[in-house]
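S.K.: Since the structure of chain X is provided, determine the placement of chain S on it from the hints.
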Amino acid sequence: MNPFAVEVSNLGRRFGPVVAVENLNFSVERGELFGIVGPDGAGKTTTLRMLAGVLRPTAGDARVCGASVVRDPEEVKRRIGYVSQRFGLYQDLTVRENLDFYADLYRVPRELRVSRMERLYRFSGLGEFQDRLAGNLSGGMKQKLGLCCALIHEPEVLFLDEPTFGVDPISRRDLWILVHEMVARGVTVVVSTAYLDEAERCDRIAVLDRGALLAVDSPARLQASLGGKIWSVRADDLPRAQAVLRSLPGVRRVTRFGDALHLTLTDPQRDQRRVIDALGREGIALLGAEEVEPSLEDVFMEMTQNRP
Amino acid sequence: MVNRGRLWAIARKEAIQLRRDPRSLALAFLLPLFLIVFFGYAISFDVKDIRLGVLDYSQGPASRRLVESFQASGYFQVTRWFADPREMERALGRGLVRLALVIPPDFEGRLGSGRAAPLQLLLDGSDAATAAVAQNYAEAIVARFAAENTLRGMELRLPVEAEIRIWYNQTLESRNMVVPGLVAVIMSIIAAMLTALTIAREWERGTMEQLISTPVTRTEVVLGKLLPYMAIGLADVAAAITAGRFVFGVPLRGDLLLLAVLTLLFLVGALGVGMSISALVKSQLLATQAAIMLTYLPAILLSGFVFSISTMPWVLQAITHVVPARYYVAVTRGIFLKAVGAGVLWVDVVAMVLFAAAGLGLALAAFRKELG
Chain X
1 MNPFAVEVSN
11 LGRRFGPVVA
21 VENLNFSVER
31 GELFGIVGPD
41 GAGKTTTLRM
51 LAGVLRPTAG
61 DARVCGASVV
71 RDPEEVKRRI
81 GYVSQRFGLY
91 QDLTVRENLD
101 FYADLYRVPR
111 ELRVSRMERL
121 YRFSGLGEFQ
131 DRLAGNLSGG
141 MKQKLGLCCA
151 LIHEPEVLFL
161 DEPTFGVDPI
171 SRRDLWILVH
181 EMVARGVTVV
191 VSTAYLDEAE
201 RCDRIAVLDR
211 GALLAVDSPA
221 RLQASLGGKI
231 WSVRADDLPR
241 AQAVLRSLPG
251 VRRVTRFGDA
261 LHLTLTDPQR
271 DQRRVIDALG
281 REGIALLGAE
291 EVEPSLEDVF
301 MEMTQNRP
Chain S
1 MVNRGRLWAI
11 ARKEAIQLRR
21 DPRSLALAFL
31 LPLFLIVFFG
41 YAISFDVKDI
51 RLGVLDYSQG
61 PASRRLVESF
71 QASGYFQVTR
81 WFADPREMER
91 ALGRGLVRLA
101 LVIPPDFEGR
111 LGSGRAAPLQ
121 LLLDGSDAAT
131 AAVAQNYAEA
141 IVARFAAENT
151 LRGMELRLPV
161 EAEIRIWYNQ
171 TLESRNMVVP
181 GLVAVIMSII
191 AAMLTALTIA
201 REWERGTMEQ
211 LISTPVTRTE
221 VVLGKLLPYM
231 AIGLADVAAA
241 ITAGRFVFGV
251 PLRGDLLLLA
261 VLTLLFLVGA
271 LGVGMSISAL
281 VKSQLLATQA
291 AIMLTYLPAI
301 LLSGFVFSIS
311 TMPWVLQAIT
321 HVVPARYYVA
331 VTRGIFLKAV
341 GAGVLWVDVV
351 AMVLFAAAGL
361 GLALAAFRKE
371 LG
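Order-wise, the sequence lines are chains X and S. The opening position of the first sequence corresponds to residue 1 in the numbering used here, with each subsequent residue numbered one higher. The opening position of the second sequence corresponds to residue 1 in the numbering used here, with each subsequent residue numbered one higher.
Here chain X stands alone, though its shape is the one from the complex:
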């Protein structure tokens, strides 16, 4: 059996003269929780739409469950579940009517339907809202309903486009619990997100920025790839300190993180001294400094800021 649920090769999409994404190459293993991570406009939605077979690529191809999204998108659709970023269910239908509708479209046999619905109701906590119009659900509940409708036919691969977008923190946590539950059941989940704390939950992530794939790896290995520690410095005039340190030799990168500056140094022993001297010369008070493990955010900043 093909160990890959998704195999993307040279995938690209233009909208007229605008390149949304290009040259994507990555694979998702079966049973993996795979993240597509990037800021707004990185091309996450375009990528997921192509993988779900609802948007035709203008370059390359992708195989999902062995079927080509270019040549046989309908076969792809039979095998996957897809939840669009924007709520895509019928607001004027009840929870149960929406579920029934999607069960019909996926031709879920009658005899399986009751038990599956029961399980999805329990799994999502939507049971008590069965007869409520979908339009009257809260944002988090809507997303859960979307998830249930995409799971009614027990797909092999599930594509979730920013499932926690605009959802309150509690519902966000709930949704991630559901995602992990599905992965535990053996479903391959490909999820896009702009939140790095969510990216850290994934087995592997693809980092996307302005239509280009920057890296594909596990969050831990991506952090390790920065090679060494980050020096976190707190000072009393951060904007000026940032400007001063930017031009200092030996400081590869300066990023502001809350009330601290994260510095990537070429040679920590030598360059820490230089930083302290430079701040002293400028009369900026050093409030504290410590070595920290690079976070995914550091990785992200490093990768996106060093691009032309």
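Bear in mind the hints are in silico, worked out from the structure with no lab data behind them. Even for Gly, the Cβ is constructed at its ideal location relative to N, Cα and C. Hints should not be assumed to be uniformly reliable.
[Stated by the list, open to error] So the derived list for chain X, only partly shown, Cβ under 7 Å to chain S, looks like this: (1) Ala52; (2) Leu55; (3) Arg56; (4) Cys65; (5) Tyr82; (6) Ser84; (7) Gly88; (8) Tyr90; (9) Asp92; (10) Arg96; (11) Asp104; (12) Val108; (13) Arg110; (14) Arg113; (15) Met117.
M.R.: Frame of chain X; chain S shown alone:
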């Protein structure tokens, strides 16, 4: 390509949405009802009981007879007797009368001596159509009156007397023409106002993206969406025919089954056109406007429903040949009033079949199961 379960799922979903949307319900059921009442009762193209004013200087038995024959014709109703021309002018100007008859003082004498007896008829031409009809009626009445007077006392019949008889719509009531034609208009409205929205609405609301990510086929979506609207269309047509028959007394002389089949074909065509517009423009506002231009307006203006095709300029006449409603109006009038069968109506039957095929084909071709 069509799975019955999925087809029904789409149809059922669409029906539920329709049921919960007051605006759609009003368009589907109240608007047609309003149109039936409006065209059946309020609007009449008939010219009857035209208000007539008389300025009689003669005041003799002959002038009284003349006025009586106006009154007896049924087309005119004498509502004013004028004492002088100024009063008459005022009444015409204000529209109190549409027509004024002036009988000169020497009318009686001239008639008696066998000389020509001139009369004056003043018509309010501001409503040209009514004025033209009123003029014809009035001339006919005067001619008849003249003939009777000339021939009075003689047992002589005119060598040729036309016995005019109007077939199919004996009383020439416009209502009989309107109600069958109205069915075509109602269906165009459903196509334009309801069907044109269905696909565009799903694109606008974002439900289409979710729908096309499932294995549902294009045919299932298009046919499934058509079904509830066809049911509404047929219900409206049945209501229009029933109201026409029992409320307005429009006779249904022909084959009901033939009418039903052809109606269904027209409905498929009209709804198909509405749906293809909806699939193409993906915006509810644009789709409605385009559908009104392409189905509703031609059905009202170019189908022969309101304006007779034979009196149109040739360019418009030529255009009507591609207006499907034209053939459907011919079908309904033929079956309603003339009881003709498919043999006579074969051109229109072929047109209905072509229209249904084209409408459905267009809708299937226009709807794509992908974002663009």
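S.K.: Evaluate each hint against the coordinates.
M.R.: Consistency of the hints with the structure:
{"no.": "1", "hint": "Ala52", "in the structure": "holds, 5 Å"}
{"no.": "2", "hint": "Leu55", "in the structure": "holds, 5 Å"}
{"no.": "3", "hint": "Arg56", "in the structure": "holds, 6 Å"}
{"no.": "4", "hint": "Cys65", "in the structure": "violated, 13 Å"}
{"no.": "5", "hint": "Tyr82", "in the structure": "holds, 4 Å"}
{"no.": "6", "hint": "Ser84", "in the structure": "holds, 5 Å"}
{"no.": "7", "hint": "Gly88", "in the structure": "holds, 3 Å"}
{"no.": "8", "hint": "Tyr90", "in the structure": "holds, 6 Å"}
{"no.": "9", "hint": "Asp92", "in the structure": "holds, 5 Å"}
{"no.": "10", "hint": "Arg96", "in the structure": "violated, 11 Å"}
{"no.": "11", "hint": "Asp104", "in the structure": "holds, 3 Å"}
{"no.": "12", "hint": "Val108", "in the structure": "violated, 10 Å"}
{"no.": "13", "hint": "Arg110", "in the structure": "violated, 10 Å"}
{"no.": "14", "hint": "Arg113", "in the structure": "violated, 12 Å"}
{"no.": "15", "hint": "Met117", "in the structure": "violated, 15 Å"}
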